[in-house]
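Peer 1: On the provided structure of chain H, position chains W and U as indicated by the hints.
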Amino acid sequence: MADTVLEVRDLSLEYRSRRGPVKALRNVSFDLYKGETLALIGESGCGKSTMGFALIRLTPGTAKITNGNVTFVDGPNRINLMEMSENEIRRFRWTDMAMMLQAALNAYNPLIRIQDHFIDTAKAHGLNNKSEIIARARRLLTGVQLDADRVLPAYPHELSGGMRQRVLLALGLLMQPKIIILDEPTTALDILTQRSIIELLRKLKDEFNFTMIFISHDLSLAAELADRVATMYAGQIVELTDVFSAFEKPRHPYTFGLTRAVPTLHGAVEKLESIPGSPPDLVFMPSGCKFHPRCPFATDKCKEVEPKLTAYGGHQVACHNWQQVLEESQKAR
Amino acid sequence: MSYIRDLGSGLLGSLRIMSRNKVGFAGLIITMTILLVSLLAPQFIDLKMTADIEKIYQGPSAEHWLGTDYQGRDIFKQLLLGGTEVIYVAFLAGLLGTVIGVGLGSLAAVLGGWVDTIATAAAELVITIPQYPLLLVLAGFIRLNSPAGLAVIIAAVGWGGLMLTIRSQVLSLKERDYVQAARALGLPVWHLLLKEIIPNMMSYILTSLVMRMTNAIYGMVGLIFLGVVPIAQNNWGVMYSLANRQGAIFGVNSAWYILAPIFTIALFQFGLINMNRSLEELFNPRLRRGE
Amino acid sequence: MATSAMLRKFFKNYYFRRTLKAVASIFVVTTLTFFLIRLMPGNPLDIYVNSQMQSLGVSREEAEAMASSIFQVDLKRPVLLQYTDYVTGLLHGDFGLSIVSARTPVSALILRFLPWTMFVVSVSLILSFTLGILIGTLMAYKRNTWVDYVFTTFSSIMTAIPDFMVATLIIVYFGVQWKVFSVTGVRGSLSPGMVAGFNAKFFIDAFYHAALPIITLVVCNVGNWMLQMRGSTMATLGEDYVMVAKARGLSEARITTGYVGRNAILPLFTTLALSIGGMFGGSVLIETVFTYNGIGMKLASSLGARDYPVMQAIFIIITTATVSANLFADFLYGWLDPRIRTEGR
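Residue numbers (the working numbering), protein chains in the order written: chain H, 1 to 333; chain W, 1 to 291; chain U, 1 to 345.
Warning: the hint list may mix true and false statements.
[Stated by the list, open to error] Once the Cα atoms are required to be at most 35 Å apart in a straight line, the calculated DSBU-like pairs of lysine-lysine come out as:
id: 1; chain 1: W; residue 1: Lys77; chain 2: U; residue 2: Lys179
id: 2; chain 1: U; residue 1: Lys142; chain 2: H; residue 2: Lys123
id: 3; chain 1: U; residue 1: Lys142; chain 2: H; residue 2: Lys23
id: 4; chain 1: U; residue 1: Lys142; chain 2: W; residue 2: Lys22
id: 5; chain 1: W; residue 1: Lys174; chain 2: U; residue 2: Lys9
id: 6; chain 1: H; residue 1: Lys178; chain 2: H; residue 2: Lys123
id: 7; chain 1: U; residue 1: Lys179; chain 2: W; residue 2: Lys55
id: 8; chain 1: H; residue 1: Lys123; chain 2: H; residue 2: Lys249
To be clear, the hints were calculated from the coordinates, so they are not data collected in a lab.
Fair warning: this is a prediction, and the values are worked out from it, not measured in the lab.
Extracted from the complex, chain H is given alone in its bound form (with noise of 0.2 Å):
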């Protein structure tokens, strides 16, 4: 197998509410490798988009991550982000781990030139010559095909969805970060943008050759863009496999309703189902499985137990039934 960039394991995260601890994150584990590109999907709520600000260790509002490890492999060195202090963490993220979260529209402060979002970037992490990064700037913009003149004096504002989503881009590999993080990269754009955006992202990734993890809930683009794909529900990855094994096999029967839900160019719309329910409350959570009381699958064993992320060959599964799932799938096709 490929080297291992980040080993994440065991990552739980809380928020407070009134209502008591909102479990978002429960032991999540994995290894994200080398070059590839990770999709992290599952419906809105289902905690992936905590993943994403997990992994950089940012909590946001009244968060708190209450156990895990995240290791982040750099050739020989073996660094803990979980012991990292706060002036290294901060200097980690965007250098090593860029994390651009969905509202790329509302991404940049609205007071300040585009320009001064990059040198306020790089002075960051030590830069500090304004040339330079000027210079830089320039050539990342013009890498996603911006023009450098317009878009650096100009105020967040003055800029549609799709350039600022673009800038975003280029400010992220500022630092050449080898891991990407992307939440919903298109969402809130049209889909002419929205394409122009993943073809950029594919000739990016040829350039610079990093590794990225994408969080979407929009399934086509993870089987455009995926090498592996890990389903998340109630806070836990369910399972996790390449590409193919997930859209035309899947063992998960959440997959597997999520992947019915897409319409596919040759199988008729009528084919097309969601899933019954809805995500689980994050407080009270069900017994068992999780996804038991949405599960066509489910027995009296998912109620009381619940199943672990269980690797057959290289395909990481959690459910009881998952052999049955199979099945089903293989006949659906």
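Peer 2: Here is chains W and U on its own, set in the frame of chain H:
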């Protein structure tokens, strides 16, 4: 019968919601207590308070809980009796100012056209004229001891800001989907205003009512202190003003005379401001859910 | 052709129209107050005559004779003509003569009293705004901790007590009972015999006398700024760009000042401008409590004597201060917020 039961349980429910915010509930209790005492005191306490030269500026004692004033009269009794007028003016001025502000603001926004132009210009004028000096001039027109007149002029100088805010809020609410939907159903404008728009702004309106009330107390007491409005009956503002004039500041025992009305006014306003927090919980369901 | 196009563009210019509106509103307020003041019951002559009869024990005729030698203004002249005279004077920069202080130009009186009030109001405004910004930011960052609760309680108590009563409390406790300062010594705006000049002695004395009004105004206003800044900062902290800035690895200091602080302060500038007029107006009461010889006390005394021109001038000055502060805030806002700047004003 069932109507009464509904009303009862509704009140209880409201109380339960309001008691969720502890500071706010304390404010509610303070305000209600002062209100009740001020309303009832005149029924039980003798209004006539004669001067007693023997007892000038005495400190607190069992007989006189807060001591006596420059004429030997009981200060605590004066406090109990002196709230009615202050509260009356505060409430009347607050209500008037709020009604004018909300009324004109929503009228201007709903009707538009020349009504809007005139009302907006008037409101802008009112906020441009220096408020307190204008109040001083207007107070010159009040000849007799007239709490209602006082309330009217206080309301008259202080509705501009509220009107402009209400106007812009109604303008933006008008564009909301549910109001547009109601409009498409052919509901009349007034129905929309009363059933859809005003209830949505209730917590804001209440906040500004409380603010108008505290402003009214400020205005009233200040006017009495400057000797601009004729003093007749005893009230907290008159006590403060007389205490100042009689030099009550300069003695340790006499200081009670000036401190008593100050702390009473402060307590009442503190109660009002905090009560508002509870009322906000009641009228703003978004706050109710918390976090 | 070109000139008229340029002119048209100039008249359509936002700044020009905004300034024009400001001047117009000052004029309207002046007109309105002019008639309002003169409609007030009681006139300077009667009040003067009565006070002379009382204090000197002279007969009505004698008092009226004294008055006619002093009073320069013909009060019997129709009000409308008085108004046109006044406006004509104003346009020439002439505020007229005081009725009561015979032969004293109003402008001289204003020059004597205004600087003290301006000094107190501006220092208090700057101090309370700055303190409020700092504490409010702290409260937002430490929300729901004891720091937050202490300051919230402080500001809700301070908003409950009228500022002139706070002034009284300061005199009662710090002056009389604890003797921190001498109650008679701090009266007035300068110690007796002190001559204005550019020397340390004068400045120290001026500060000494202004200290109590300034402390009162700061203590009473800082709570309001604190709460506003707290709310504004909390709203800004929830913005995506703050989270992105953290992800970009910016230092906490840079985020707090350049990203959160800058955006959070913006909406407060409008309120700041509005509060200037209120502070001038409210100075009537505070200055009276501290017997501080500013424009507020002058307003109270000229109101009592119905000294129309003096009252009128004070109205004009406070209105001008309010209007120009608003104007300035508008322009400043446009300059600080690029989103407004490009809206084609």
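Peer 1: Hint by hint, say whether it matches the structure.
Peer 2: Against the structure, the hints:
no. : hint                   : in the structure
1   : W:Lys77 with U:Lys179  : holds (30 Å)
2   : U:Lys142 with H:Lys123 : holds (27 Å)
3   : U:Lys142 with H:Lys23  : holds (24 Å)
4   : U:Lys142 with W:Lys22  : holds (21 Å)
5   : W:Lys174 with U:Lys9   : holds (34 Å)
6   : H:Lys178 with H:Lys123 : holds (19 Å)
7   : U:Lys179 with W:Lys55  : holds (27 Å)
8   : H:Lys123 with H:Lys249 : violated (48 Å)
Comparing the model with each numbered hint stated earlier shows that hint 8 is the single one that does not hold.
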